[in-house]
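Visitor: Chain by chain, the residues:
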Amino acid sequence: MSAIDPITRDLWQVIAATEEIPVGVVETTLLLDTRLALTRDRDGNPVVWLRSDEEQGDEIDPESILDRLPVLTGYGYIWTSLGNPPKELFPIPEYAESDRVNMSCGSIGIHVSAPRAVENFLDMGHFPYVHTDILGSEPHTEVKEYDVEVSEERDEVLATRCKFIQPRAAKSATEPMEVEYVYRVPHPFCSVLYKSCPEDEGRRDVIAIFLQPMTKERCRAHLLQSMIDSTSTITDLRRFQQTIFGQDKPILENQFPKRLPLDPRSETPIRADKSAIAYRRWLSQKGITYGTIPVAS
Amino acid sequence: MAITLYDFELSGNCYKLRLLMNILGLPFDIVPVDFFPGRQHKADWFLRMNPFGQLPVLKDDGLTLSDSGAILAYLAKTYDTTGQWFPDAPAITAEVLRWHVVADDITASSSAARLALGYGYDFDIPKVQKQAHRIFRLMDEHLWFGEREGRDWLCSPAHPTTADIACFPYVMLSEEGGIGREDYPALRRWTDRVRRIPGFTVMSGIFPAGRALQTA
Amino acid sequence: MTLSLSDPTWYPIASSDDLPFRHVYQGQLLGRELAVWRADDGNVNVWENRCLHRGVRLSIGVNEGGELKCQYHGWRYANRSAGCTYIPAHPADAPARRIQNRTYPVREAYGLIWSAANDDQPFRPFPGAEGHDWFPLRPMPVNAAPEDVLAALSALAPDDQPADLMPGLSLRFGGTYYFVQPVDAGRAVIRGLLATQPDATTLRHYNELLSKLRDRLERAAAKKPAPEPLKPAFEKVSAELSTMPEIAVPRGNTITVVVKRKWTSADGVIGFELAARDGHLPTFQPGAHIDLHLPNGMTRQYSITNGPGDLMSYVIGVKQESASKGGSKVLVETVREGDLLAISEPRNNFPLRRDATRTVLIAGGIGITPLLSMARFLDKSSLNYELHYFTRAGDVAFRSELEALHGKVIFHTGLPRAEIGLTIASALGQWSMAQHVYVCGPSAMLETVRSTAAAQGWPDEAIHFEYFKNDKVIDDSSAFEVELARSAMTLHVPSGKTILEVMRDNGLTVPSSCEQGACGTCLTTVIEGEVDHQDVYLNDSEKRSNSCMMTCVSRAKSPRLVLDI
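Residue numbers (our numbering), protein chains in the order written: chain A, 1 to 297; chain B, 1001 to 1216; chain C, 2001 to 2565.
Please note that the accuracy of each hint is not assured.
[Unchecked claim] The calculated EDC-like cross-link candidates involving lysine to aspartate or glutamate, where the alpha carbons are at most 16 angstroms apart (straight line), are:
#, chain 1, residue 1, chain 2, residue 2
1, B, K1130, C, D2215
2, A, K144, C, E2461
3, A, K163, A, E153
4, C, K2212, B, E1141
5, C, K2236, A, D263
6, C, K2557, C, E2461
7, A, K286, A, D5
8, B, K1130, C, D2199
9, C, K2212, C, E2273
10, A, K258, C, E2033
11, B, K1042, A, E20
12, A, K274, A, E88
[Claimed, not checked] Label pairs and their in silico Cβ distance ranges:
#, chain 1, residue 1, chain 2, residue 2, range
13, A, N45, C, A2239, 50 to 58 angstroms
14, B, K1077, C, P2158, 34 to 42 angstroms
15, A, G24, B, A1089, 19 to 27 angstroms
16, C, A2129, B, K1077, 39 to 47 angstroms
17, A, L50, B, G1025, 50 to 58 angstroms
18, A, D33, C, A2200, 48 to 56 angstroms
19, A, L50, B, R1134, 33 to 41 angstroms
20, C, D2540, A, Q285, 42 to 50 angstroms
21, A, E201, C, E2461, 24 to 32 angstroms
No wet-lab data here; the hints were simulated from the structure. Where is the CB? At the ideal position from N, CA and C, for every residue including glycine.
Using the sequences and the hints, build the whole thing.
Guide: Below, the structure written as structure tokens:
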């Protein structure tokens, strides 16, 4: 069996936050068990290639790199592909709105497969137990009915009307209140969350997670926030997101098996897991085997 | 005047201070420092406070202090009226300081492995993991014999000391560095005891223990 | 020697001292990880270290005394059975499907906790085990192959007194027993037992001896290629559990139990302790009842009074009514200690939400039984509750059990009717979000609680009660077709007749008992059509699932029903 399924090979894969890559200096990383090197040229454009004997921190003339992998910059991150990627990356139209604060929140390595991390991002039931007193708190543990569909036209999983009672949904909130989320999975290893914005009722804050599958059982989470927030500093907003992700990390790293099992009989879903069930089915139908345990044929 | 902590949420060393101040019931302000990915601890304004470029930094009463172990000692000696967290008896002080050094060794091994695997730092992962296991073995042995002798904590007093606070975070976070604790049952029990100290608070990556009270 | 995943040998996996109050120990055996915990009743549980829901290690969860709580989503698993008792994401639903973690055999003996990969072999004490006050040495984990560890231990024995090899990777010499716990192909734990209580010097001596042995073994192992680790597979869950959650009602298996104890509690209540003949009884949730099949052929429902993880026997209370005939009379008069009775698996039509900020429990007389169980669950989890217990006489049933609780338990004895109403009103207070009341007692009390609560702003979904009788007026005005899929028959059900009657008229033998929609005997699977539920047996989510019905009272909303008969 080939290690990388053709669907995964042809996807755009995130590898780094653009602003963290210095010009003319080698950065190394791992994508789909493949060692990569990257840098930025004088114009700031990323250059990505298969790593040979380069070491992290080496100085390099980007013009000397002839054999390059496809590259694209999107949402503040560098994306590449080991195969033949589509022309464009999935859309997050809100990112372009001029009054939003867009920021990366760091790239954090986790010892779990990328699909497991996506599934956790879609999950609300863990809020009171993992993000205690921030995204949820006992006794408000109920996950109400919500809607899930797989959009044929956009080829993505969409969960809407996701509601949860949060203790501190906004900075100003003193009482627990119900917040509404929309989740999109527009890429097998990426998810985008829309959450009611305390500053502007008519709009929504956007938080996205892009997973870099390093190996079948290890990934790097790249976090994006696109916020309507005129008061918080970037440091504050990053701190909030890192706090949340830091709480998920030990859960993900204590999950077994590390790859996401696609056979329905591997785990026990409940109604609250509708979006996860749809996600697993969608991966199965697409034929994603990297980072998953496919259904035995 | 309020205490100010220059803090990074995911730092175990910063957490040591939040933990002790919470246990002592000390109010404090937090100034978040973007250690990752912003590397603000290497920014000029930070280096002026701490030329070593390390978190945490604590300001109190006109003083600017750095190094988590040193600050733990400062906080306990200044604000712990019971004198139990950093006892004055010379022999006990020596014991506590001895374990503060172990805490630094745990940082240099367990925390280094975590930084390498999670945050892209360049450390020799197998080497630091091995060092962490060596320390955990010794701690497990020390704590197992302690349990036989009726000692619950790292040092000999019947009450926890700053040594327990200093060693705790990067023991609890070791799995993020690929260092399992299944071979150290006495160490695991000690982490339950620390998590049951009144006033205990969590950080991202550390969950609270269940209720401790033994009821009939 | 190669390790086998299916090795049936019992090995020590922990010392008894490794399992203090409310701790979860991370155990390992033959390539598998185990979550090992001692419940407050002393019982030791050895489970696969993995929550069935999303695969998270249970060893990072919380030992709540009678239940283990998963850290990820707060699912609770019961002591002994490892059955799931509560899913916080759906707090109003009883987890109807039997979600149960994989358990391993366990025995606590000689200062050690023993387990095995399967229960193919009974536990046998090691030779010479009896008659000593064993002391377990500090366990010594070693990164080396278990057989190499055994060989090295054997080499410790003096030449003139060679080690005596025993079954199951163990040996003895000089009065000390050593057991090698096979963790994996390249990992082991040495567990030593001394026949007497050692002094500190002796303990240090053994620790030094074994530490040096470990260091030698690990140096040698580092020079060899690492053996291939064992690869245990996670068992698949049942097909029933793997699909998303239409609710299936379990078909009545009966269990034979022994009447272990029968006693007069008080206030005309007889207590019965019904014990499993072998092992433990099935998982139940607070509020659950069992059907008791009586010697005279009748079936009656009784609530389980037990607390979390208390599965060795069920305790029920039976009201001794002077004028009563049938059910409780038979139980009270003819059933004796030692008798065998058949009971159903527990069912729950009265589930307890654990997501309330305040829970009010109101019991009248024998109605205390399900509420005692609820109070015990809330008590163990330190949740806020008040239990109001109304009785006629001064002697109240289950007094000592109630007095052992830590929450607010208030006895209201011999109150006149008017005062009962006032007491209930003040016990309830005004409603605010996330408050729930549970009531069980005579129908007059039930009505008082319902109307008082409604008047004080309590919404319907915050008022919980259970029917053992169907007092509803059955609307049998509809007429429809019933297709019996397996019998290949289509019948017309006219208004004024039940499905059950029409089936009998057409020569079918169908089981039934109460014929008022309360006992569950005539439960039938629905294949097609929309059911008009009129019973009190199925809970709301089961009714919503439209997958089953009671043919004695329920009817069709659609012109046609297809039943699995």
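Visitor: Decide, hint by hint, whether the structure agrees.
Guide: Status of each hint after checking the structure:
1. With a CA separation close to 14 angstroms, the supplied pair K1130/B and D2215/C stays within the 16 angstroms bound.
2. Taken as a hint, the K144/A and E2461/C pair is honoured in the structure, with Cα atoms around 15 angstroms apart against an allowance of 16 angstroms.
3. The suggested pairing of K163/A with E153/A is violated, with an alpha-carbon distance near 26 angstroms, which exceeds 16 angstroms.
4. Restraint check for K2212/C and E1141/B: satisfied, since their Cα atoms lie roughly 14 angstroms apart, inside the 16 angstroms limit.
5. Restraint check for K2236/C and D263/A: satisfied, since their Cα atoms lie roughly 9 angstroms apart, inside the 16 angstroms limit.
6. Of the pairs offered as hints, the one joining K2557/C and E2461/C is violated, with about 25 angstroms between alpha carbons and a cut-off of 16 angstroms exceeded.
7. At most 16 angstroms may separate the alpha-carbon atoms for a hinted pair to count; K286/A and D5/A meet this at roughly 10 angstroms.
8. Among the hinted pairs, K1130/B with D2199/C is inconsistent with the structure: their alpha-carbon atoms are about 33 angstroms apart, more than 16 angstroms.
9. Of the pairs offered as hints, the one joining K2212/C and E2273/C is violated, with about 54 angstroms between alpha carbons and a cut-off of 16 angstroms exceeded.
10. Pair hint K258/A plus E2033/C holds up; C-alpha atoms about 14 angstroms apart against a cutoff of 16 angstroms.
11. Simply put, K1042/B and E20/A have alpha-carbon atoms about 15 angstroms apart, close enough for the 16 angstroms limit, and the pair holds.
12. A threshold of 16 angstroms between alpha carbons decides the hint, and for K274/A with E88/A the separation of about 29 angstroms lies outside it, so the pair is violated.
13. Range check, N45/A to A2239/C: Cβ separation about 53 angstroms, and the 50 to 58 angstroms hint holds.
14. In this structure the hint that K1077/B and P2158/C lie 34 to 42 angstroms apart at CB is violated, the actual value being about 55 angstroms.
15. Evaluation of the 19 to 27 angstroms hint for G24/A and A1089/B yields a failure: the beta carbon distance comes to about 58 angstroms.
16. Distance hint check: the CB atoms of A2129/C and K1077/B are about 54 angstroms apart, inconsistent with the given range 39 to 47 angstroms.
17. One distance hint, 50 to 58 angstroms for the beta-carbon pair L50/A and G1025/B, holds here, with the actual separation near 57 angstroms.
18. Between D33/A and A2200/C, the C-beta spacing of about 52 angstroms keeps the proposed range 48 to 56 angstroms intact.
19. Here the CB-CB span from L50/A to R1134/B is close to 38 angstroms, well matched to the stated 33 to 41 angstroms.
20. For the hinted restraint 42 to 50 angstroms between D2540/C and Q285/A, the CB-CB distance of approximately 34 angstroms leaves it violated.
21. The beta-carbon spacing between E201/A and E2461/C, approximately 28 angstroms, falls within the hinted interval of 24 to 32 angstroms.
Of the numbered hints stated above, those contradicted by the structure are hints 3, 6, 8, 9, 12, 14, 15, 16 and 20, listed in ascending order.
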